[in-house]
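Asker: Using the sequences plus the hints, can you model the full thing?
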Amino acid sequence: MGVRVRILNGEYNLRADEDEGYLKGIAAYVDNKAKGIASSFPHKEREEISILTCLNIADELCKLKEKNRKAKEIIQRLIEKIEKNSK
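Heads up: the sequence shown at position 57 corresponds to 50 in my numbering, and the numbers run straight through without jumps.
Calculated from the structure, these hints are not laboratory results. Even for Gly, the Cβ is constructed at its ideal location relative to N, Cα and C. Each hint should be verified, as a subset may be incorrect.
Claimed, not checked - Straight-line distance between alpha carbons at most 27 Å, and here's what the computed DSS-like set of lysine-lysine pairs gives:
hint	residue 1	residue 2
1	Lys74	Lys58
2	Lys28	Lys56
3	Lys17	Lys80
4	Lys26	Lys74
5	Lys60	Lys77
6	Lys26	Lys60
7	Lys26	Lys56
8	Lys77	Lys65
9	Lys80	Lys65
10	Lys60	Lys74
11	Lys17	Lys58
12	Lys28	Lys58
13	Lys17	Lys37
To be verified - Distance ranges between label pairs, derived from CB positions:
hint	residue 1	residue 2	range
14	Ala9	Glu59	57 to 65 Å
15	Glu59	Ile19	36 to 44 Å
16	Asn61	Asp10	21 to 29 Å
17	Ala9	Lys56	19 to 27 Å
18	Lys37	Leu57	33 to 41 Å
19	Ile19	Glu40	17 to 25 Å
20	Ser32	Arg62	27 to 35 Å
21	Met(-6)	Glu59	26 to 34 Å
22	Glu41	Arg70	15 to 23 Å
23	Asn2	Glu76	54 to 62 Å
24	Lys37	Lys60	42 to 50 Å
25	Asn6	Ile75	45 to 53 Å
Answerer: Given below as structure tokens:
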């Protein structure tokens, strides 16, 4: 599927297996993040705003992955306790 999106006043054609709404949602998320950074740094070039946006989103992703890893560990410990107590 292909969809045309707008990010930081630039237009991009995206092609992916996901549906149009999903792709537009992701593009809107990136655009909002980029605009937030651009408003904090009005004199930065578009390329630098894009890099900062990527770094911020990567930071969010890494923190969520770590949170997910810790949650899985807790769940595994609880499963082990339940199994131990049910014997």
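Asker: Does each hint hold? Answer for all of them.
Answerer: Do the hints match the structure? See the list:
1. Lys74 with Lys58: Holds, at roughly 24 Å.
2. Lys28 with Lys56: holds (22 Å)
3. Lys17 with Lys80: violated (51 Å)
4. Lys26 with Lys74: violated (42 Å)
5. Lys60 with Lys77: holds (26 Å)
6. Lys26 with Lys60: holds (21 Å)
7. Lys26 with Lys56: holds (17 Å)
8. Lys77 with Lys65: holds (18 Å)
9. Lys80 with Lys65: holds (23 Å)
10. Lys60 with Lys74: holds (21 Å)
11. Lys17 with Lys58: holds (24 Å)
12. Lys28 with Lys58: holds (25 Å)
13. Lys17 with Lys37: Judged against 27 Å, a Cα distance of about 26 Å means the pair holds.
14. Ala9 with Glu59: 57 to 65 Å: Given about 27 Å between the Cβ atoms, the range is violated.
15. Glu59 with Ile19: 36 to 44 Å: violated (22 Å)
16. Asn61 with Asp10: 21 to 29 Å: holds (24 Å)
17. Ala9 with Lys56: 19 to 27 Å: holds (25 Å)
18. Lys37 with Leu57: 33 to 41 Å: The hint (33 to 41 Å, Cβ to Cβ) is violated, given that lysine 37 and leucine 57 are roughly 26 Å apart.
19. Ile19 with Glu40: 17 to 25 Å: For isoleucine 19 and glutamate 40 the Cβ distance comes to about 20 Å; the hint holds.
20. Ser32 with Arg62: 27 to 35 Å: holds (33 Å)
21. Met(-6) with Glu59: 26 to 34 Å: Hint holds: Cβ distance 32 Å, inside 26 to 34 Å.
22. Glu41 with Arg70: 15 to 23 Å: Since the Cβ atoms of glutamate 41 and arginine 70 sit about 44 Å apart, the hinted range of 15 to 23 Å is violated.
23. Asn2 with Glu76: 54 to 62 Å: Taking Cβ atoms as reference, asparagine 2 and glutamate 76 lie about 56 Å apart, which means the hint holds.
24. Lys37 with Lys60: 42 to 50 Å: Given range 42 to 50 Å: violated, Cβ gap about 30 Å.
25. Asn6 with Ile75: 45 to 53 Å: This hint holds: roughly 50 Å between Cβ atoms.
In the structure shown, a violation is registered for the earlier hints numbered 3, 4, 14, 15, 18, 22, 24, in ascending order.
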